[in-house]
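2 protein chains.
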Amino acid sequence: MVVATEKSNGRNISPNTIIELEKGDPVVFEKYWRKRGEECSIVIRGWEMMSYLGDAKNNVCWYMLPEVERSIRRLHHVVGNAVTHDRYIVVGTGATQLFQASVFALSPPHPSKPINVLAAAPFYSEYQDEISILRSGLYQWGGDAASYQKNEPYIEVITSPNNPDGIIRGPVVKSEAKGKLIHDLAYYWPHYTPITHQADHDLMLFTFSKCTGHAGSRFGWAVVKDIEVAKKMTKYVQLSSIGVSKETQTRVVKIIGVVCDGYQNFGSMESELFFEYSKRLLRERWQKLWAVIDESKVFSVAKYSKAVCNFTNDSSEPSPGFIWLKCEEGIEDCESYLLEKLKVRARGGKRFGVDSKYARISMIGTDDDFNEFLKRVSNAKKE
Amino acid sequence: MVVATEKSNGRNISPNTIIELEKGDPVVFEKYWRKRGEECSIVIRGWEMMSYLGDAKNNVCWYMLPEVERSIRRLHHVVGNAVTHDRYIVVGTGATQLFQASVFALSPPHPSKPINVLAAAPFYSEYQDEISILRSGLYQWGGDAASYQKNEPYIEVITSPNNPDGIIRGPVVKSEAKGKLIHDLAYYWPHYTPITHQADHDLMLFTFSKCTGHAGSRFGWAVVKDIEVAKKMTKYVQLSSIGVSKETQTRVVKIIGVVCDGYQNFGSMESELFFEYSKRLLRERWQKLWAVIDESKVFSVAKYSKAVCNFTNDSSEPSPGFIWLKCEEGIEDCESYLLEKLKVRARGGKRFGVDSKYARISMIGTDDDFNEFLKRVSNAKKE
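The listed protein sequences correspond, in order, to chains A and B. Letter by letter, the first sequence follows residues 219 to 601 in our numbering. Letter by letter, the second sequence follows residues 219 to 601 in our numbering.
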């Protein structure tokens, strides 16, 4: 392992520079992979993996390399966060593509009107646009799941831990109509939240971006109970992009392999294991944040409860990938306040279906940006 | 350059084995890349390219690496098949994703009814499903462009050279209504067809799969005149998959770089240049095919005219990526005949919007499959 300095390079950020914390770009994990050095490199030769096919024997997800499927099952086995036995694996160009594949697969094929897709507010800001962009006749955005009153079939998306607020969630719709569920478990990994149980739902979505931090790879996977749903999802990915990049699949196998080897090989130092390292890193950020927020008269953040994590065998609070910031009385638009007063670009509450008093801030950006953000928050005074 | 044997390994295919020539999997080009050896390899380290971002300075296609854009422009400059000066480049997860991005971008945003998407038959078999899958309220499949009679706005897709039949095409709709055009130029490369002019259309699509043969990479690009169309296409790719795999982008830069270096570096042997090598390879297959077809009483294939290629400076016939086979009198369903009598899996004419007397056969599969196909065709006798 290459021993690199963990200190930030201390780049000076001028007070007038806008800090970009609007997206959830997971570059915080770069330093872990840098420390691991060349053992995580992949080499792809010019003639390798030129075919559309991944596995001619897979009668569901034909574009997936067999070693990708094995890696995904191994990772869930190591972490214990999801049941994969007797389940189908479908891979996509990010969980974004698979979310849309899921909605397509769960929608009735010949509806008299589009089925409603719901999520409890605050919900992930992109669901609505992803559902609405093509004005599909199969499905439509139905808004906040908590206020759904119709006696009509629906699809409810449960994001747990939730983006933006990190809360563990279950379904909330109270309709007598038949509902189908999509569990978006992008953040159900030990560095963000205690792993309290093996998730076991009909359709679960995961993403490489938020697990190991490799967002540039555009890779996600679904764990699916029903073979017909898995086949319909595969059909969607086929018509949308004829599968998933084989270069990406090669990297997924390598990176997941390195993560799992760390846990399964005798002699790994705990501090060098991916989830332990990353959890410590996020916890340190959250501790610094609490120190500043507790003193702030401008901002507040809801507290999280402790839980025992079956993976790390300790009791701890979550350390979510985002700060769900609330502006105190007198500030109506948190996003604008952050941008104008603090020169911090955040994503405002309205995008998540709630009040503009809230804004979402990335917790997984660079050290420099995070530290500068803390400095500006601690300097912010109510006028 | 590694000198590998060009001979087929002569794998014996049993006469009862089904030969899969239904897809256009471009594995024929593998042997070229194998000959080039390690100079085409890419290495990606664990910490590289973890961000969603490709180029923060690109105000259109923000997820594209700057070197990808330069490579694409360089390739068109070398080949002379398309104008890229003063045009925007948008990249996607294959031309498949970009085709859908194009249709979205060209559709009116608030239509009273969906705009018709048309293509002249025989048209690429996947357009219809890609357009219809989500029952969009923005656009719908309008069928054969040649028989379009409505006085309503439309989008016409012009595939040139055409898939399945290799014909050079222009728009065919004769409507007084306003039409928008998408030029799918996936096969407008020197190994398939003479490059007679620099294509210069509003929206042109290209794919890595059919250019260099790297279908597993899932990479395509669009050359776009209007910045607003380019931005809308980018938005579609963003909502569909948050960009394009960075591992793929890295490989595109390497492979296109090797192709272009060959032409721009002094001292390359012509026979080792990508397009010359690949053209020879396809021409040899076509010559073998003609020898068999000319004798056949069961099958026919329409002849192509010669044209001067500005790139290779010679006059030659096209050597398309597919055979568009016609069954002679008495055989009504060419696909079924091929499967039942010859154990060859092809794609039948109906999928392309025409008569089932036709079927499409891949010309870019393995040597073994192609040679076995020829053997079976030459043995086929009319009953």
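Just so you know, not all the hints are guaranteed correct.
Copies of the same chain look alike in the list, so a pair counts if it fits in one copy or across any two.
[Claimed, not checked] Derived BS3-like pairs (lysine-lysine); straight-line CA-CA distance at most 27 Å:
#1 K559 to K275
#2 K524 to K506
#3 K544 to K521
#4 K506 to K398
#5 K593 to K521
#6 K241 to K368
#7 K249 to K449
#8 K453 to K396
#9 K472 to K561
#10 K561 to K275
#11 K443 to K544
#12 K368 to K544
#13 K561 to K453
#14 K443 to K275
#15 K568 to K453
#16 K568 to K450
#17 K453 to K241
#18 K506 to K241
#19 K368 to K472
Keep in mind that the hints were calculated from the coordinates and are not lab data.
For each hint, the structure was consulted:
Within a single copy, K559 and K275 get their C-alpha atoms only as close as 58 Å, which misses the 27 Å cut-off; across copies the closest is 25 Å, which meets it. Proximity of K524 to K506 under the C-alpha cut-off of 27 Å is restricted to the intra-copy arrangement: shortest distance 18 Å within a copy versus 73 Å between copies. With identical chains, the CA atoms of K544 and K521 are at most 27 Å apart within one copy only, with a shortest distance of 12 Å there and 71 Å across copies. Taking the closest pair of Cα atoms, K506 and K398 never come within 27 Å of each other, the shortest separation being 40 Å inside a single copy and 55 Å across copies.
For the identical chains of this complex, K593 and K521 are intra-copy neighbours only, at 21 Å inside a copy versus 73 Å across copies, given an alpha-carbon limit of 27 Å. Proximity of K241 and K368 under a CA criterion of 27 Å is satisfied in neither setting, with 34 Å inside one chain copy and 45 Å between copies. Within a single copy, K249 and K449 get their C-alpha atoms no closer than 38 Å, and across copies no closer than 33 Å, so neither meets the 27 Å cut-off. Only within a single protomer do K453 and K396 lie at most 27 Å apart by alpha-carbon distance; the minimum there is 24 Å, versus 33 Å between protomers.
Neither within a single protomer nor between protomers do K472 and K561 lie at most 27 Å apart by alpha-carbon distance, with minima of 39 Å and 39 Å respectively. Only between protomers do K561 and K275 lie at most 27 Å apart by alpha-carbon distance; the minimum there is 19 Å, versus 54 Å within a single protomer. Taking the shortest alpha-carbon separations for K443 and K544, neither the intra-copy value of 39 Å nor the inter-copy value of 44 Å comes in at or below 27 Å. With identical chains, the CA atoms of K368 and K544 are never at most 27 Å apart, being 31 Å at best within one copy and 55 Å at best between copies.
Proximity of K561 to K453 under the C-alpha cut-off of 27 Å is restricted to the inter-copy arrangement: shortest distance 26 Å between copies versus 44 Å within a copy. For a Cα distance limit of 27 Å, the shortest separation of K443 from K275 inside one copy, 19 Å, qualifies, whereas the shortest one across copies, 43 Å, does not. Proximity of K568 and K453 under a CA criterion of 27 Å is satisfied inter-copy only: 20 Å between copies versus 34 Å inside one chain copy. Taking the shortest Cα distances, K568 and K450 sit within 27 Å of each other only across copies (23 Å), while inside one copy they are farther apart (33 Å).
In this homomeric assembly, K453 and K241 come within 27 Å of each other (Cα to Cα) only across copies, at 15 Å, whereas the closest approach inside a single copy is 30 Å. Taking the closest pair of Cα atoms, K506 and K241 come within 27 Å of each other only inside a single copy of the chain (21 Å); across copies the shortest separation is 56 Å, beyond that limit. Taking the closest pair of Cα atoms, K368 and K472 never come within 27 Å of each other, the shortest separation being 47 Å inside a single copy and 54 Å across copies.
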